[in-house]
Amino acid sequence: MSDSPARSQKAQKVLERFAKKLNRQMVGSLLACVHCGMCTDACHYVLANPGDPTFAPAYKADQVRRIFKRHFDWTGRVFPWWVKAKSVYSDDDLEQLKDIIFGKCTNCRRCSINCPMGVDFATFNRMARGLLVSVGVMPEGVAVASKDQWELGNQMGVLREDYLETLDWVSEELRQELGDPNAGIPIDVMNCDVVYAINPREIKYDPRTIADAAKIFHLAGENWTMPSEGWDMTNFGLFSGDDDLGGAVARRLYDKVEELRGKKLVISECGHGYRSTRCEGQNWGGVDVDFEMESSVITMLRYIKEGRIRIDPFKNNKSYTYHDSCNNARSCGLFEEPRELLQIVCNDFREMYPNRAENYCCTGGGGAMSMSEYSAQRLKSAKIKADQLKATGAKVVVTSCHNCVDGLTDLIRYYKLGMEVMQLVNLVANAAIVKEKVTAALP
Amino acid sequence: MSTNNSKMRLMKGDITNTEIEAFVFYARPDLQLGSGFGGAITVRGGASIQEELKQYGEVKVGDAVITSAGKMKAKYIIHAVGPRFQEKDTESKLRTTTLNVLKLADQRGIRTLAMPAMGVGFYGVPLDISAQVTLSMVKEYLRSKTGLEEVVFCVLDNREYNSFYAQLAKLGQK
Numbered sequence: 001m002s003d004s005p006a007r008s009q010k011a012q013k014v015l016e017r018f019a020k021k022l023n024r025q026m027v028g029s030l031l032a033c034v035h036c037g038m039c040t041d042a043c044h045y046v047l048a049n050p051g052d053p054t055f056a057p058a059y060k061a062d063q064v065r066r067i068f069k070r071h072f073d074w075t076g077r078v079f080p081w082w083v084k085a086k087s088v089y090s091d092d093d094l095e096q097l098k099d100i101i102f103g104k105c106t107n108c109r110r111c112s113i114n115c116p117m118g119v120d121f122a123t124f125n126r127m128a129r130g131l132l133v134s135v136g137v138m139p140e141g142v143a144v145a146s147k148d149q150w151e152l153g154n155q156m157g158v159l160r161e162d163y164l165e166t167l168d169w170v171s172e173e174l175r176q177e178l179g180d181p182n183a184g185i186p187i188d189v190m191n192c193d194v195v196y197a198i199n200p201r202e203i204k205y206d207p208r209t210i211a212d213a214a215k216i217f218h219l220a221g222e223n224w225t226m227p228s229e230g231w232d233m234t235n236f237g238l239f240s241g242d243d244d245l246g247g248a249v250a251r252r253l254y255d256k257v258e259e260l261r262g263k264k265l266v267i268s269e270c271g272h273g274y275r276s277t278r279c280e281g282q283n284w285g286g287v288d289v290d291f292e293m294e295s296s297v298i299t300m301l302r303y304i305k306e307g308r309i310r311i312d313p314f315k316n317n318k319s320y321t322y323h324d325s326c327n328n329a330r331s332c333g334l335f336e337e338p339r340e341l342l343q344i345v346c347n348d349f350r351e352m353y354p355n356r357a358e359n360y361c362c363t364g365g366g367g368a369m370s371m372s373e374y375s376a377q378r379l380k381s382a383k384i385k386a387d388q389l390k391a392t393g394a395k396v397v398v399t400s401c402h403n404c405v406d407g408l409t410d411l412i413r414y415y416k417l418g419m420e421v422m423q424l425v426n427l428v429a430n431a432a433i434v435k436e437k438v439t440a441a442l443p
Numbered sequence: 444m445s446t447n448n449s450k451m452r453l454m455k456g457d458i459t460n461t462e463i464e465a466f467v468f469y470a471r472p473d474l475q476l477g478s479g480f481g482g483a484i485t486v487r488g489g490a491s492i493q494e495e496l497k498q499y500g501e502v503k504v505g506d507a508v509i510t511s512a513g514k515m516k517a518k519y520i521i522h523a524v525g526p527r528f529q530e531k532d533t534e535s536k537l538r539t540t541t542l543n544v545l546k547l548a549d550q551r552g553i554r555t556l557a558m559p560a561m562g563v564g565f566y567g568v569p570l571d572i573s574a575q576v577t578l579s580m581v582k583e584y585l586r587s588k589t590g591l592e593e594v595v596f597c598v599l600d601n602r603e604y605n606s607f608y609a610q611l612a613k614l615g616q617k
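Taken in order, these protein sequences are the chains called A and B. Using the working numbering, the first residue of the first sequence is number 1, and each one after it goes up by one. Using the working numbering, the first residue of the second sequence is number 444, and each one after it goes up by one.
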């Protein structure tokens, strides 16, 4: 059976690439849905929009699934009307698909882990994003961040001179704070035990996190360095579905660590950066790496357990709750260590419900913070997270993700919750005991 | 690699921050500088470059236009509008774009020119095609009568460098 309408160049290319992206995992998810509705209750978009079935993960998945059926599954090729198989023909069809796969899902994977059939909608939603990106159909913010990361090596367009200048003044302030001329940020030092990579947001909007990390490394007596280039551990390829970008970005960082002969890559607190760099980057880039990689959460916890830094939890004297980043918790299983660390560095920890792998998205995930055209529906869906935060009664929400910091800050402002957002690195640095220098005259 | 009196060279770095007479910016048809290298051009070169581009309006795929480089190390920027996002006839359009860049450089009496991995990355031109098309076009062009003394391929990372290096080695054997 032939598709009668003429197909646009972009639609044709999407179909050609779709065929190349199908693997067993993808096909399993595309075929297995029985429309039981279990995913519906798992999605914060649905919970915040109960009257709108177009937010249901199964519905959103069907918009991709019907293309699969029309072209790759025998039922849809023979009986398209029976299984609701439908192709894409025009650029408008692709635009409509864009509004669903970018605008109505943060790829948080909460529906994926709640699906009894093992359908990983977030994985094929990401794949579908990649199909559209390959023909230039994407939200403007995704285009801006992707181009920045392709061409300037980081997704926020930070120039090399600005990066180095920021590290320079952070070093200077740290020397003043600690009264130690040896404190500071070593750049491009060879053979270090730790190479520390960050999120460009830290340079552009939140250098205090770099200062805090530098303080912790210094107090722990770590032999560490930061790279002068290839320093961005975030990866917009995870959000845009562009595996080529994912691979290129990951390899730049891996190459730099290898060039510096670093023993371990420590990734600052960032959910998607951690997932991309530690869990996905080697697959996207088609490379193996010979060094260890760990989240700075684990590094900080180890320093405390090894007695390399000492903590006074009374310095953090507010009430704290913990928000799990979807990429850390659901995709990488990193949820016990941050809680353990948080309970060491403060005295008033209040759990959030649901939590760990079942926690709700900050609603700014999957690159949603860069897609301003969907801000209204993002903030509406954030009601679920807002209610969850409010119920904790905590004054401060702590998270291990820069993206979540922005997502949470935005919804806290929108729903007037009056809460503060912090990261573990801020609390550890604040609670770290700095030894007073004792100077005595020799007899 | 040398061809007649001209050289082709490969280096890794940020093309917008290179000591060179002119460099190529892979531009959009509306000539908006946008993000990526476009952002770097705006920050390092100043707002005058976007202003200069206004005179050209919309440019069709394959064409190239020239502006000053503002406060940057280079003197000129050649804004080349190449094929994007798997559009039809990518390879032949890339050939045309490359040729128009070289001709424009010659018309302006430019002697040293830096080119990126044309269309690679955000615009999705496959790396091997970009390397093969642009390197062979430049080599062929430099065999003709030209004022260009050096064309530098300024690529971003090891992935691009290795691909261009391999292609350059192949060309050297021909």
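No wet-lab data here; the hints were simulated from the structure. Any given hint might turn out to be false.
[What the hints assert, rightly or not] Chain B is nowhere near these chain A residues, computed Cβ spacing over 12 Å in every case: (1) E16; (2) L152; (3) G179; (4) E337; (5) A391.
[What the hints assert, rightly or not] Derived pair list, reagent style DSS-like, types lysine-lysine, alpha-carbon separation capped at 25 Å: (6) B:K503 to A:K13; (7) B:K546 to B:K450; (8) A:K204 to B:K514; (9) B:K582 to B:K455; (10) B:K582 to B:K546; (11) B:K450 to A:K98; (12) B:K514 to A:K20; (13) B:K536 to B:K588; (14) A:K98 to A:K20; (15) A:K84 to A:K263; (16) A:K416 to A:K435; (17) A:K21 to B:K531; (18) B:K588 to B:K455; (19) B:K497 to B:K516; (20) A:K13 to B:K546; (21) B:K613 to B:K582; (22) A:K435 to A:K383; (23) A:K305 to A:K318; (24) B:K455 to A:K13; (25) B:K450 to B:K613; (26) B:K455 to B:K503.
No residue lacks a Cβ here, since even glycine has one placed at the ideal position from N, Cα and C.
Status of the hints after comparison with the structure:
1. E16: Non-interface label fails for E16 of chain A: nearest chain B Cβ at 9 Å, not farther than 12 Å.
2. L152: The claim is violated: L152 of chain A sits with its nearest Cβ about 6 Å from chain B, within 12 Å.
3. G179: Fine: 36 Å to the nearest Cβ keeps G179 of chain A off the interface.
4. E337: E337 of chain A is indeed farther than 12 Å from all Cβ atoms of chain B, at 32 Å.
5. A391: Consistent with the label, A391 of chain A stays out of reach of chain B, its closest Cβ about 40 Å off (over 12 Å).
6. B:K503 to A:K13: Holds - the C-alpha atoms of K13 of chain A and K503 of chain B are around 22 Å apart, at most 25 Å.
7. B:K546 to B:K450: Judged against 25 Å, a Cα distance of about 17 Å means the pair holds.
8. A:K204 to B:K514: It holds: about 23 Å lies between the C-alpha atoms, which stays within 25 Å.
9. B:K582 to B:K455: Distance of about 19 Å is within 25 Å: holds.
10. B:K582 to B:K546: holds, 13 Å
11. B:K450 to A:K98: With a Cα-Cα distance of about 46 Å, the restraint between K450 of chain B and K98 of chain A is violated, given a limit of 25 Å.
12. B:K514 to A:K20: Not satisfied, since the Cα-Cα distance of roughly 45 Å exceeds 25 Å.
13. B:K536 to B:K588: Answer holds: K536 of chain B to K588 of chain B is near 23 Å, not above 25 Å.
14. A:K98 to A:K20: holds, 20 Å
15. A:K84 to A:K263: violated, 53 Å
16. A:K416 to A:K435: Status violated; Cα separation ~40 Å.
17. A:K21 to B:K531: holds, 21 Å
18. B:K588 to B:K455: Since the Cα atoms of K588 of chain B and K455 of chain B sit roughly 28 Å apart, the hinted pair is violated (cutoff 25 Å).
19. B:K497 to B:K516: holds, 22 Å
20. A:K13 to B:K546: violated, 32 Å
21. B:K613 to B:K582: holds, 12 Å
22. A:K435 to A:K383: violated, 45 Å
23. A:K305 to A:K318: Holds, at about 23 Å.
24. B:K455 to A:K13: violated, 32 Å
25. B:K450 to B:K613: Holds: K450 of chain B and K613 of chain B sit about 16 Å apart, inside 25 Å.
26. B:K455 to B:K503: Status violated; Cα separation ~29 Å.
Hints 1, 2, 11, 12, 15, 16, 18, 20, 22, 24 and 26 from the list above are not met by this structure, while the remaining hints are.
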